[in-house]
Each structure stands twice: as C-alpha cells, then as structure tokens.
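Participant: Starting from the given sequences, assemble the full structure and let the hints guide the process.
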Amino acid sequence: MALLEFRKEGIYCPAADIYIDPWRRVKRALITHGHADHSRWGHQYYLSTTSAMPVIKYRLGDIRIETVAYGEKKYINGVQFSFHPAGHILGSAQIRVEHKGEVWVVSGDYKIEEDGFAEAYEAVKCHSFITECTFGLPIYKWKPQQEVFQAINQWWQQNKSEGKVSVLSGYSLGKAQRIIQNLDTSIGKIYTHGAVENVNEVIRQQGVRLQETTRVTAAIHKKDFIGHIVICPPSAMGSPWIKKFKPVSLGVASGWMMLRGARRRRAADRGFVLSDHVDWPGLNQAIKATEAERIFVTHGYTDIFKRWLIEEGYEAEVVETEYEGELSEITDSKEEKAEE
Amino acid sequence: MKRFAQLFTQLDQTTKINTKVNALAHYFQDADDKDRLWTVAILSHRRPKRTVTTTLLRHWAAEYGNIPLWLFEESYHVVGDLAETIALSLPPKESDQDQSLSYWIDFIKSLGALEEEEKQEKVLWAWRQLDDAERFIFNKLITGGFRIGVSQKLMVRALAKYTGMEENILAHRLMGDWTPDTTTFQDLIITADPSDDLSKPYPFYLAYALEGEAQDLGMPEAWQAERKWDGIRGQLIVRNGELFVWSRGEELVTDKFPEYKVLAERLPNGTVIDGEILPFKDGQPLTFNLLQTRIGRKNVTKAVMSKAPVVLMAYDLLEWAGEDIRQKPMAERRKLLEYAVADCHHEVLMLSPIVSFSNWEALAQERAKSRELHSEGIMLKRKDSDYKAGRKKGDWWKWKIDPLTIDAVMIYAQRGHGRRANLYTDFTFAVWDGELLVPFTKAYSGLTDKEFGAITAWVKKNTVERFGPVRSVTPHHVFEIAFEGINLSKRHKSGVALRFPRISRWRKDKPKEEANTLDDLKSLL
Ligand SMILES: [Zn+2]
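Respectively, the protein sequence lines represent chains A and B. Position 205 of the first sequence, counting from 1, maps to 205 under my numbering, and the rest follow consecutively. Position 379 of the second sequence, counting from 1, maps to 379 under my numbering, and the rest follow consecutively.
Incorrect hints may have been included.
The calculated lysine to any residue pairs, modelled on SDA-like cross-linking and capped at a C-alpha distance of 20 Å, are [what the hints assert, rightly or not]:
hint: 1; chain 1: B; residue 1: 461; chain 2: A; residue 2: 63
hint: 2; chain 1: B; residue 1: 510; chain 2: B; residue 2: 458
hint: 3; chain 1: A; residue 1: 306; chain 2: B; residue 2: 467
hint: 4; chain 1: A; residue 1: 306; chain 2: B; residue 2: 67
hint: 5; chain 1: A; residue 1: 306; chain 2: B; residue 2: 70
hint: 6; chain 1: B; residue 1: 461; chain 2: A; residue 2: 9
hint: 7; chain 1: B; residue 1: 16; chain 2: A; residue 2: 25
hint: 8; chain 1: B; residue 1: 16; chain 2: A; residue 2: 237
hint: 9; chain 1: B; residue 1: 16; chain 2: A; residue 2: 242
hint: 10; chain 1: B; residue 1: 461; chain 2: A; residue 2: 25
hint: 11; chain 1: A; residue 1: 143; chain 2: B; residue 2: 458
hint: 12; chain 1: B; residue 1: 460; chain 2: A; residue 2: 24
Treat the hints as calculated values from the structure; they're not laboratory data.
Facilitator: Below you can see the structure in the form of structure tokens.
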C-alpha cells in the first residue's frame, strides 16, 4: 500500500484515512491553501495552517476546521503530517506526510521567489514529491518581482500624467494583496473591487499589515478615481462594473502574460508577467532540492514535464487532478463572480 | 534597433488605433531615412530574403537554451510563434549594443553567402548581445513573415501624419514592386511620380459584408448587383505595351497566368481593370481549389493550364486611356468597362454580368441561386459610387449566402496555442457511416472561452487515448459545423474536403446518434 494514492475524490492517505485538497466531498481533508480549486466546500472536517484558516472560513462559511502552525507535527492514525510554507499566497503550505520512514510531500501551488507577503517557500526533503507544473515549460522564466513592480508603478504614473484611471486585475486572493503591498502609494490612492476588499478585510483582521485601500462604491464620484489605481479580479474586467472608470488604462497581472498571443488577446492595454506559481527554473530547482526520486506532476504541462523529468533521471508520473493553477486568471471563475 | 523594438512594444501593447498611429508617426520622426524605409517595407510585408532555414534556427536555439530539441518543439507548439519561442528559450544577453534596424537587416542579408557553421557563429553572436525585445524582432526578421498588427491602412495614416501628404497618394506610391534595395525613402515616398512605375496598381476597394437587411439599402434603382465570384481578386494593367497582373495581396502574379498575355496587345495602353481571376471551363466557373493548386506551382505547365484555365471576370475599370478614372461614378465606369471588354473581344476577358432586379425580394431569389452558379453570393455597388481605396463601408457591400452546416460528433481534441494553451480548442469531427464514425474535418474557432473551458474539463475526464498533444475522446458531444463549400477529395478518409470549416454552435440538445451521416454530407456536394 502506497503512502498516498490518487483517487477520484483526490489525493488520499489510506493509513490515515484522510484526503489532501480533495475535489469531491470527503470526511476529512487537509487543505494546502484557500484557492477555490484546492479548498472546496462540503467536507466534514478541514485542517489548514493558522494563517490560511480565516480566508478558508470566510469563503466556505460554517465549516469544522482545525489549524496547525508551520512545522508543527500532527499525528493522524499514527501518520505524521506537517505543513511547510509554499510561498504561493498567505498561509499556503506544502504538506509533508511521514509514515514508517517514508516521506511524501504534496506541493499544492507554490512559488520560490520571496514576495514579501506570503510566508517564504521552504524546500522539504522527501522520497516522493507531488508537484504542480502550471508553468512547466522552459519559456516561462519570471523576472525578479522588483522589476515587474517597477513597470507597474511606471505604468500607473504614466496613466496619472495622462489623466487616466489605472485598473489592474489579479486574482482576489493572493495576487491582489501582493500587488497592493508593492504599489508606490506616493503616486496615488489604491481603490479595490468588493471581491478584493472582502479578502483584504479578512486578512487585516488576522493581524497582517496591508497598505491602505478604499472599496469602490457607488457613492464615489467618477472624477475621484482619476490618477489613482483600482485593483479588481479578472472576472470584473469584462463586466459592466469596469465602465465607471473613464478614461482608463487596463492592466492584467498574470503568468500567462509571458506570451505575446495572450497579451494581445486580452482586451487590456498592458500585460504584466506576475505569477504566484513557480517558473521553469524554479520548478527544476525545487524538485532537485527535495532530493526525491519519484515525482508526480498534477496540473499544467504535465505530459511534457514528465518526459523532461524522466530524461533528467527521475521516476515521473502524471496524475490527473482537477486543480487549475492560474487558469482562473484567464477564464471567468464562477466563485469570483458570486463575490462581486 | 532599440528604438524599433520600442515602437514594436508600443504597437503591441495597445489596441487603440490612434495610439498606434501616433506611436508610428513619432517613430518616423525619430528614425533615419534608411530605417524609415525598412519600417515601411516590413509593414507592407516586404522583407529580406530568408538566409537561414528555420530548422537550423530551432537547433541552435535549443542548444544555446540548453534544452532538448523535442522540448523546444513542444514549447513552440504552445507559443505558436517560432521567433517568440526562440527569444523565450535563450539565456539572458551577455553584452549590449544599439545598432540600427538597417544594420541588423544587412547583417541578416549577409548570412546568405556563408557556410552553415559561420552562420551559426554569427546568429549566436547576435543573440548574445540583443535584449529580449530585440531578439524577438531579429528572429522575426530572419524567419520572415513579420506581422505586427498594423494594417497597411494604419501605416499609411501614420505616414500621412508624418509627411503631411495625402493618404491615397501615399497608398498608391507604396504599391508596386519596390524593395528598400531598389529605392530610397525620398525617391519612393517624397519625390516619386506614379508614372515612373508602369506596373503600379491602384489600392483595391474592398467591400464589407452586408450588416442588416438588403431592403434597408433603400431604392433598388440606386444599386448595381453582380455575382460574387470565388476566385482571386486581381488587377490587370496594360501600360506601354506591357502586361501586369496583381493579386489583392499586392503580389505581382503575371507569370502565373500566361492566358492573359494576349491582352497586352488587345487592350489599349493605359488600361487598368479590376476583376476576379477565375478558373473557368465549358461556360462555368470551376472550384477555387483548382486555382490554389495552380498558385502553389513554380512552373505553370500546359497540363496545369488545361486543367484549370482562367479568365478575368471584369468588375470595374480604374484607368482608361492613361487616365485615373476612379473618381467617376460607378455607372459611368461600367459603361466604359463594357466598351473596353467588347472592343477587346477575347474569351479570356469576360464581363461580370449585371444581375437585374426590380425589388429586393427578386434579388434575394437571385442570391438563392448562387450555389448552383458557383458563386458566393451577390455584390451590391451604389451606381454613383467612386472607386475608393481599401475596405470602406457604405457604397459597396457583399451579400454572401449563408454557410452550409452539418451536425457532427467530436472525436479528437488538441490543445490550443498561446493564451489557450491550457484549453482544448482544436477538434476533429466525424459523421456516421453506418455504425462507424468517419472523421471529415478539423475546426477550432467558434466557441466562447467559457465553452472551451467546459469542453476542456470534459476532454480531460473522457480521454480514451493520447497521441502527443492530441487525445481521442469518447464520442458524445455534437457540434454544428459551418462551412463555405465542399469538394471531393482523395486525400481525406471521408472522401470530401470542406472550405473554411468552423464550429457554429454546440448542439447540447442532440445525442450523438442524431448527428448527420456521410451521405448527408455528400448530398451537399
Ligand atoms: Zn492556488
């Protein structure tokens, strides 16, 4: 019996009778982070990190949830579980599972670069590593975030000088706060879409400091947005909501903006390459650092990445999951709509 | 090349026409004459000859990027653009430079004479000192096919803004068989005289598809109706005893159609006719496919000519007795055209017949006959219209027939490119032949992102087999496929080939058993 199995409900640990980020309803679930494709509604019991919990609770409502600190050991039916920072969003974790000397790690979504907001990624050694590979192609190489934010702030400044409102889209949990934290507020004020501000409130309540933001409401006059920046979820970009900002420059912050075709097909003025997932060099660096021999790849360019890993001397397999990676950045996410 | 790369980024980053025109006009101001002319050349699809094969470039890029070739190819499949894939696969630059656009074009041209190893050395030398944006442009120049998302029309507007000259004069001067090696910015744009170049065609007047109802166009008497023929739009020029034939893509195609040679003697000098290069035999048009096979050939042999002989179906007269008559009303030009065709009196030059109609209802009935007459629909031209340059609304409309449709079952799915690289967007469809599903076409466009998202989730869960990027799926979903035409084909398993197939809608209401049959499909032949 393997320590972890792949079932139609999700990743399963038979020895502990518990699932990790299951996509169907189960009795007990360990949750890597609060994004909708990893933390779903309907389980009877949840376990997450302390800093991930408030958002999960806010999104899923009245659930039974327990928390652990990073690195804290939790035993379930004699199997040892611990959560380690994944650097993806606030509270995100890789889950380490140890039993009878065998160690597996489930990466969840992760990112190597420290962004000053999410708890910094930590390499965890293991025998088997279950990793995402959203951007598992050599064409995906991120620039240091400092460079990206310099470009974003310059764009904002430019728009301001042209008397425009800057509207920048990014996923409302994670990407939005990372952007907010790195904006140069000497340029102007930060306004937020309701979906973003709701998350901000939850995060502030748990004692995390975030730059000052103002929720966009009907009471605010159109003129008052000129020169300032508005942060909204991707789904708001194509909605009537956006019409209240005029004249406007639209920006999109996503890893998909790496490709010219993607930038052009968005009806946005600017695409900024900013992702909360690992890029190609990061992915290879992370896998190496785990010292694992067996790699399972879950979502992204799985077939291609598997072949690459095999040629690099790993044992590698593709696992079909229902995780989406950064897909919701480009397709409309139902959930974000509901939060509007 | 940094300034050109900056221009490119500016053009690429905006969808707004005015911003593009301004960026381009600014660039024309900053650039020197040589770069200016090369920019005009690139934007009008005149590019340096390819001096390095793409196969070599792929190998060198994979090697320098330190990845296996297959992985480079997979990346290319996702990116969908070779120049971009190469730029994204290379390590960061090692040194810096700022040579001009013309410098790098000359550099690329100079590679032609070199041995493979020297070529590689030089290309790597270039890659090592160009930044990301410059590398992309360098790769675009070296691989050819540089499309910037700037139409000729937009470029002409920017040139007009920069030079203060009129747009239609500029558009005319930019046509013809020039390259930056045979002229200068001054000679071509500023001091050029149209009569200098005998071959110079006029910009084509292109019609938009009719938007509302035909009857909204007003009085039928104000309009001239013709058939819309399914060939290649072309311009035939006779000046100074010489014949030139231009296709709508501004390509000089005189040599491809020796049939027209005789017209050089039969038409008077100073004649320019706008018409359709149409394969035509035994009194009726042939399928467009035949014409395509003919264009693809280097040599037009007797056999090819007898299999797909062409005529010129004349639509309009633009120049007569050496005079540009585009400003005369359509009705007047038509009279002159009728005279010119009659006077020429040769079977290779035909007059596009006028479809007479007294009311819109009658014209709709004529339109319904389009398919049996091998035409694509009806062209409507206002009798008092002048001959405009480019695609313009108002005076000319194409009233095409509705596409053919068939309900088919999806059996294969393939990942898309670029933004849609994570979605399954390319599908193969099949129709029933007894108990069997026979694939007959591929189609990709026509669904919304949301529908692609839904079908992607479904494909992942219902994969039967994988073949590289392609998956075979459980036959289940039915889609309506629209297309413009259908022909017999020996190369296809189904025995037919479609023209312009696309998904028109997702028939969620239909079970797979109710999809159409191969016989249904063949009945449309
Ligand atoms: Zn996530």
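Participant: Does residue 24 of chain A sit within 20 Å of residue 460 of chain B, going by the straight-line distance between their CA atoms?
Facilitator: 16 Å, holds
Participant: Given the proposed pairing of residue 461 of chain B with residue 25 of chain A, does the C-alpha separation stay at or below 20 Å?
Facilitator: 18 Å, holds
Participant: Check whether the Cα positions of residue 16 of chain B and residue 25 of chain A lie no farther apart than 20 Å.
Facilitator: Violated - the C-alpha atoms of residue 25 of chain A and residue 16 of chain B are around 47 Å apart, more than 20 Å.
Participant: Tell me if the straight-line CA distance from residue 306 of chain A to residue 467 of chain B falls inside 20 Å.
Facilitator: With a Cα-Cα distance of about 15 Å, the restraint between residue 306 of chain A and residue 467 of chain B holds, given a limit of 20 Å.
Participant: Are residue 143 of chain A and residue 458 of chain B close enough, with their CA atoms no more than 20 Å apart?
Facilitator: Cα-Cα ~35 Å, so violated.
Participant: Against the 20 Å threshold, does the CA-CA distance of residue 461 of chain B and residue 63 of chain A hold or violate the hint?
Facilitator: Status violated; Cα separation ~29 Å.
Participant: If you draw a straight line from the CA of residue 306 of chain A to the CA of residue 67 of chain B, is it 20 Å or shorter?
Facilitator: 14 Å, holds
Participant: Taking only the CA atoms, is the gap from residue 16 of chain B to residue 237 of chain A under or equal to 20 Å?
Facilitator: 17 Å, holds
Participant: Would you mind confirming whether the straight-line C-alpha gap from residue 510 of chain B to residue 458 of chain B stays at or under 20 Å?
Facilitator: 17 Å, holds
Participant: Given the hinted pair residue 16 of chain B and residue 242 of chain A, is their alpha-carbon gap at most 20 Å?
Facilitator: Roughly 18 Å between the alpha carbons, so the hint for residue 16 of chain B and residue 242 of chain A holds.
Participant: Quickly compare the C-alpha distance for residue 306 of chain A and residue 70 of chain B to 20 Å and report which way the hint goes.
Facilitator: Within the cut-off at roughly 13 Å; holds.
Participant: Does residue 9 of chain A sit within 20 Å of residue 461 of chain B, going by the straight-line distance between their CA atoms?
Facilitator: 13 Å, holds
Going through the hint list in order, the structure does not satisfy hints 1, 7, 11.
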